[in-house]
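Asks: Residue strings, one per chain:
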Amino acid sequence: MKKSKSSGSSLGYLTKEGFRNLRVNKLMTFASITVLFSSMFLMGIAFMIYTNIEAMVAGIEQENVILVYIEDDTDAVEVVNLKTEIMNLPNVKSCDFKSKDEAFEEIKKEYDNAEYLDGLENPLPDSYIVTVLDMTQFSQTVAQIKGLDNVMRTRENSDLASKLASAKKAISVVSLVIIALLFIVSLFIISNTVKITMFSRRLEISIMKSVGATNRFIRWPFLVEGVLIGIISGIISTLAIWGVYTLGMRFLSRSFSIMGKGVDITVYLPYLLGAFLILGIFTGIFGSATSIRKYLKERKFVELEDL
Amino acid sequence: MIEFKDVTKKYDNGTTALKDVNISIEDGEFVFVVGSSGAGKSTFLKLMMREEVPSKGTITVDGVVLNKLRKRKIPYFRRKLGVVFQDFRLIPTMTVFDNVAFAMRVIGTREKLIRKRVPYVLSLMGLPQKARSMPNELSGGEQQRVALARALANNAKIIIADEPTGNVDPQMSYEIVDLLMKLNENGATVIMVTHEHELVRQFDRRVIILDKGNVVSDGGPLVSDIATAHINAAAEMNSAPVEETIDFGAQPVAFESFTPDGGDAQ
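Chains as they are written, first to last, in our numbering: chain A, 1 to 307; chain B, 1001 to 1266.
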């Protein structure tokens, strides 16, 4: 009576069996890969949308400026001094002067019927346009500017800043929830697929059990199968996301110029591939392991009326 | 040796499949187990293969007390047994060679040994030239012989045949039993479950008759009147037409011509 040892040759055989499973059950393999690919693809797209929104939010933040109106009777030297003082504040990125005339011209441009403004005396003050480095310290910076001499008042949208910050948070939570849901769905589907595969191979399993194959031996090819499905799906998903994203962005940036070119996906590809491979292998192992355990427990080899 | 001692098997759904069964089968014996459906035949097999555990009593197979056998050890125990089924259970996508080799591969046998052993068991079953055929290219009898070759592949000491002739034509049935006899002569213990009483009568071996979970007869080849009545009842329950049975019995000439080596000799 020979005892099974985990010799190299049998490990090779088992791995080969896993590959054979893929080939023999073409339809099931195709179904699993399609399903896993779909979830990974959606996850990847969700991730890319998230990174783009984040990039856009960062862009908008940069445009969030503080308008500093200067007292009308301030002389030229004091105006220049004010700029130095503002620039000396921590967290100030830039400070550009806009004269009252420039500001008035801008307003005239914005309105179609600006003729009635022609007769008016320019009511606008001179101003500085200040941008900040760190949005989270926006209100402190505003307070510091207000404390400076010759500042009539400031106009800023600190609301927008906090709104953007909370929007970013919401977006990341939603993305994470979507990714988590898709992950659970994939896990469920792959475990179901392996269950179906095992059911379709119940003849082989019944023979294995009747000739005394250990559960480890029965399990291994299915694990290999699950892992292979995971790896293949991961690679296909990465390639598909790359292609779809590049094409999609080309189309979007042509149609909506404000979007710009979007985030460069090649930076993220290695991470996506890595994450998908880990996810695929994990789902493969976990999905098949649970269904195999359940299957091996339930099935007897003598009764196979449904074969 | 296979020993059932006061074995009762009651399933969770309340049915009692076997009641206080005592059976002892010596090494090297050839035993027919006969009974109609529901008599407890398949429970008997399941208990012997440790698919089920008895509710009461002890079962010992080749020195292994099945009641005490740890779950992890079950696969190793099963390697002592070679099982053939009514429906052959050959894997349709594998060649005859691979079907036989499969039984060896799944217990981790080295490929070198497989390449030696498979042709040997196939020739033992009279199928040396069929190694590359697919199961669907073979007749029912040939398929069952492949299944037998598979059962032998791992050098099983005990051959369990569950209705092995159920799906093959009558002539081939004799041949299958004849092959089992041959294996028995080579030292294997053979337990064949069947309901084909005419077939059983052709062979001069011990017959155990099960009915409603009881052993109603356990005796030599010449079965008693009670046993015959049970066998006949079993045959009727399996709805074998009477005429066919008569035809069947009137074919010893065909049988003899089919097995030139006279496999039924003791």
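Treat each hint with caution, since some may be false.
[What the hints assert, rightly or not] Per label pair, the in silico range of CB-to-CB distance:
| no. | chain 1 | residue 1 | chain 2 | residue 2 | range |
| --- | --- | --- | --- | --- | --- |
| 1 | B | SER1133 | A | VAL244 | 28 to 38 angstroms |
| 2 | A | PHE286 | B | ARG1070 | 39 to 49 angstroms |
| 3 | B | LYS1071 | A | SER172 | 39 to 49 angstroms |
| 4 | B | ASN1013 | A | LEU176 | 42 to 52 angstroms |
| 5 | A | GLY274 | B | LYS1112 | 37 to 47 angstroms |
| 6 | B | ARG1072 | A | ARG20 | 24 to 34 angstroms |
| 7 | A | LYS26 | B | GLY1014 | 38 to 48 angstroms |
| 8 | A | LYS26 | B | ASN1186 | 37 to 47 angstroms |
| 9 | B | LYS1056 | A | ILE235 | 53 to 63 angstroms |
[As the list claims (entries may be wrong)] Derived lysine-lysine pairs resembling DSSO-like cross-links, with alpha carbons at most 30 angstroms apart:
| no. | chain 1 | residue 1 | chain 2 | residue 2 |
| --- | --- | --- | --- | --- |
| 10 | B | LYS1116 | A | LYS297 |
| 11 | A | LYS16 | B | LYS1080 |
| 12 | B | LYS1005 | A | LYS109 |
| 13 | A | LYS297 | B | LYS1080 |
| 14 | B | LYS1073 | A | LYS195 |
| 15 | A | LYS297 | B | LYS1112 |
| 16 | B | LYS1112 | B | LYS1157 |
| 17 | A | LYS16 | A | LYS26 |
| 18 | B | LYS1005 | B | LYS1116 |
| 19 | B | LYS1212 | A | LYS297 |
| 20 | B | LYS1112 | A | LYS294 |
| 21 | B | LYS1010 | A | LYS294 |
| 22 | A | LYS16 | B | LYS1116 |
| 23 | A | LYS294 | B | LYS1116 |
| 24 | A | LYS98 | A | LYS109 |
| 25 | B | LYS1068 | A | LYS294 |
| 26 | A | LYS195 | B | LYS1071 |
No lab work stands behind these hints, which were simulated from the structure alone.
Backbone N, C-alpha and C define an ideal beta-carbon position, used for all residues, glycine too.
Asks: With reference to the structure, classify each hint as holding or not holding.
Replies: Each hint tested on the structure:
1. In this structure the supplied range 28 to 38 angstroms is violated for B/SER1133 paired with A/VAL244, their Cβ-Cβ distance being about 49 angstroms.
2. Separated by about 27 angstroms at the C-beta atoms, A/PHE286 and B/ARG1070 break the suggested range of 39 to 49 angstroms.
3. In this structure, B/LYS1071 and A/SER172 meet the distance hint of 39 to 49 angstroms, their C-beta atoms being roughly 48 angstroms apart.
4. The beta-carbon spacing between B/ASN1013 and A/LEU176, approximately 48 angstroms, falls within the hinted interval of 42 to 52 angstroms.
5. Between A/GLY274 and B/LYS1112 the beta carbon distance is about 41 angstroms. The supplied range of 37 to 47 angstroms therefore holds.
6. Between B/ARG1072 and A/ARG20 the CB atoms are about 27 angstroms apart, so this pair conforms to the stated range of 24 to 34 angstroms.
7. Range check, A/LYS26 to B/GLY1014: about 45 angstroms between beta-carbon atoms, so the 38 to 48 angstroms window is met.
8. Separation of A/LYS26 from B/ASN1186 is about 43 angstroms and conforms to the stated range, judged on CB atoms against 37 to 47 angstroms.
9. For B/LYS1056 and A/ILE235, the hinted distance range of 53 to 63 angstroms is satisfied, since their beta carbons lie about 57 angstroms from each other.
10. Of the pairs offered as hints, the one joining B/LYS1116 and A/LYS297 is violated, with about 35 angstroms between alpha carbons and a cut-off of 30 angstroms exceeded.
11. Between A/LYS16 and B/LYS1080 the CA atoms are separated by roughly 27 angstroms; this keeps the pair inside 30 angstroms, and the hint holds.
12. Of the supplied pair hints, the one linking B/LYS1005 and A/LYS109 is violated, its CA atoms being roughly 106 angstroms apart against a limit of 30 angstroms.
13. Among the hinted pairs, A/LYS297 with B/LYS1080 is consistent with the structure: their alpha-carbon atoms are about 22 angstroms apart, no more than 30 angstroms.
14. Between B/LYS1073 and A/LYS195 the alpha-carbon distance is near 25 angstroms, which keeps this suggested pair within the 30 angstroms criterion.
15. Straight-line distance between C-alpha atoms of A/LYS297 and B/LYS1112 comes to about 33 angstroms, which puts the hinted pair past the 30 angstroms bound.
16. A C-alpha spacing of about 22 angstroms is found between B/LYS1112 and B/LYS1157, which places the hinted pair at or below 30 angstroms, so the restraint holds.
17. Of the pairs offered as hints, the one joining A/LYS16 and A/LYS26 holds, with about 16 angstroms between alpha carbons and a cut-off of 30 angstroms not exceeded.
18. With a CA separation close to 40 angstroms, the supplied pair B/LYS1005 and B/LYS1116 exceeds the 30 angstroms bound.
19. Annotation: proposed proximity of B/LYS1212 to A/LYS297 holds, straight-line Cα distance about 28 angstroms (limit 30 angstroms).
20. Only pairs whose Cα atoms come within 30 angstroms are accepted, and B/LYS1112 paired with A/LYS294 is rejected, the gap being roughly 34 angstroms.
21. For the proposed pair B/LYS1010 and A/LYS294, the alpha carbon gap of about 24 angstroms is at most 30 angstroms, so the pair holds.
22. Restraint check: the Cα-Cα separation between A/LYS16 and B/LYS1116 comes to about 21 angstroms, which is no more than 30 angstroms; the hinted pair holds.
23. For the hint pairing A/LYS294 with B/LYS1116, the CA-to-CA distance comes to about 37 angstroms; that exceeds 30 angstroms, so the pair is violated.
24. Of the supplied pair hints, the one linking A/LYS98 and A/LYS109 holds, its CA atoms being roughly 16 angstroms apart against a limit of 30 angstroms.
25. Simply put, B/LYS1068 and A/LYS294 have alpha-carbon atoms about 24 angstroms apart, close enough for the 30 angstroms limit, and the pair holds.
26. A hinted pair counts as satisfied when its Cα atoms are at most 30 angstroms apart, and A/LYS195 with B/LYS1071 qualifies at roughly 23 angstroms.
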